[in-house]
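If you want the building blocks of each chain, they are given just below.
2 protein chains.
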Amino acid sequence: MPPVPVPAEIDAFLAEPNPAVVATVSPSGTPHTAATWYDWEDGRVFLNMDEGRLRLHYMRQNPAVALTALGAGSWYEQVTLLGRIVSFEDDPDLAGIDRLAIRYDGKPFGNRDAVRVNAWMQPERWTSWPLPR
Amino acid sequence: MPPVPVPAEIDAFLAEPNPAVVATVSPSGTPHTAATWYDWEDGRVFLNMDEGRLRLHYMRQNPAVALTALGAGSWYEQVTLLGRIVSFEDDPDLAGIDRLAIRYDGKPFGNRDAVRVNAWMQPERWTSWPLPR
Numbered sequence: 001m002p003p004v005p006v007p008a009e010i011d012a013f014l015a016e017p018n019p020a021v022v023a024t025v026s027p028s029g030t031p032h033t034a035a036t037w038y039d040w041e042d043g044r045v046f047l048n049m050d051e052g053r054l055r056l057h058y059m060r061q062n063p064a065v066a067l068t069a070l071g072a073g074s075w076y077e078q079v080t081l082l083g084r085i086v087s088f089e090d091d092p093d094l095a096g097i098d099r100l101a102i103r104y105d106g107k108p109f110g111n112r113d114a115v116r117v118n119a120w121m122q123p124e125r126w127t128s129w130p131l132p133r
Numbered sequence: 001m002p003p004v005p006v007p008a009e010i011d012a013f014l015a016e017p018n019p020a021v022v023a024t025v026s027p028s029g030t031p032h033t034a035a036t037w038y039d040w041e042d043g044r045v046f047l048n049m050d051e052g053r054l055r056l057h058y059m060r061q062n063p064a065v066a067l068t069a070l071g072a073g074s075w076y077e078q079v080t081l082l083g084r085i086v087s088f089e090d091d092p093d094l095a096g097i098d099r100l101a102i103r104y105d106g107k108p109f110g111n112r113d114a115v116r117v118n119a120w121m122q123p124e125r126w127t128s129w130p131l132p133r
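Those sequence lines, one after another, are chains A and B.
Just so it is clear: in the first sequence, position 62 is 62 by this note's numbering, and no numbers are missing.
Just so it is clear: in the second sequence, position 87 is 87 by this note's numbering, and no numbers are missing.
The shape of chain A in the complex, shown without the other chains (with noise of 0.2 Å):
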């Protein structure tokens, strides 16, 4: 798999508001999924979790991830990034979340309880079929 950055056509791909799956291990060895919004900017990975979930705590113990987002018409245009989280931060007023929530759901995040973390992913290698055409 080659290194980053991504050719112009994966960046703007990645750009698009695309399902995605994003992986984490667990401290025993095993991988874990969950479906997830993200963002792209600048050649890093915007994601966004609830303070309780698994995937975070595995990210906090071991950074390595990975993500596989697939084209919104099309699930055959996929893109993987594997890459490593390089910071988490706290989002008390929900910025992190109401910008995927608007960046998918075109509008901001309902649960104004919600306690959620920000994560910036930094991709180190990156593979895509059939992109680029």
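The reader is advised that the hints may include incorrect statements.
Claimed, not checked - Chain B is nowhere near these chain A residues, computed Cβ spacing over 12 Å in every case: (1) Pro-5; (2) Ala-66; (3) Glu-77; (4) Phe-88; (5) Ala-95; (6) Asp-105; (7) Lys-107; (8) Asn-118.
Unchecked claim - Listed next, the stretches of chain A that the computed footprint assigns to chain B, with coverage defined by at least 3 CB atoms under 8 Å from CB atoms of chain B: (9) 32–46; (10) 58–65.
Treat the hints as calculated values from the structure; they're not laboratory data.
Idealized CB from N, CA, C, for every residue including glycine.
Starting from the known structure of chain A, arrange chain B on it as the hints suggest.
Only chain B this time, still in chain A's reference frame:
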């Protein structure tokens, strides 16, 4: 996350040809993800991979896998299975990949020179959202 078996509604969801992402763990403890076809039979997940796939290499060293299936109509519906690969089988006549190609694509697999491997995942735990309704 509750143990298997999954409830009837989850079983019915998994029987549909949904988009899915499978995760494996590399020998260095980092996750790897890829979009995948799958089938669901008697509570187990059927996968088929090209012999050269990185995830097959990883599965053979660490059989722990995770799979998230997304709703074909709405990816807000999601089911995640955590488990292990319990058997690998060569697929010399391509019956395994044809099974998946017909399920997803309506016709046998195109590349008749491919070298493919079947793998069966035994789920151990599952989670879903928002299913069951």
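Hint check:
1. Residue-level check passed: Pro-5 of chain A sits 20 Å from the nearest beta carbon of chain B, beyond 12 Å.
2. At roughly 4 Å from the closest C-beta of chain B, the C-beta of Ala-66 of chain A falls inside 12 Å, breaking its exclusion from the interface.
3. Distance to chain B contradicts Glu-77 of chain A as a non-interface residue, since its nearest Cβ pair spans about 9 Å, not more than 12 Å.
4. The Cβ of Phe-88 of chain A lies farther than 12 Å from every Cβ of chain B, with a closest approach of about 18 Å, so its non-interface assignment holds.
5. With a least beta-carbon separation of about 22 Å from chain B, Ala-95 of chain A lies farther than 12 Å from that chain, consistent with its non-interface assignment.
6. The claim that Asp-105 of chain A lies off the interface is violated: its Cβ sits roughly 9 Å from the closest Cβ of chain B, which falls inside the 12 Å cut-off.
7. The Cβ of Lys-107 of chain A sits about 14 Å from the closest Cβ of chain B, beyond the 12 Å cut-off, so the non-interface label holds.
8. At roughly 20 Å, the least C-beta separation between Asn-118 of chain A and chain B is larger than 12 Å, which holds for a residue marked as non-interface.
9. Only residues whose beta carbon comes within less than 8 Å of a beta carbon in chain B count, and the region 32–46 of chain A has 4; three or more means the coverage holds.
10. Coverage of the region 58–65 of chain A by chain B holds. Counting CB-CB distances below 8 Å, 3 residues qualify, and the rule asks for three or more.
Figure legend: structure checked against the earlier numbered hints; hints not met, in rising order: 2, 3, 6.
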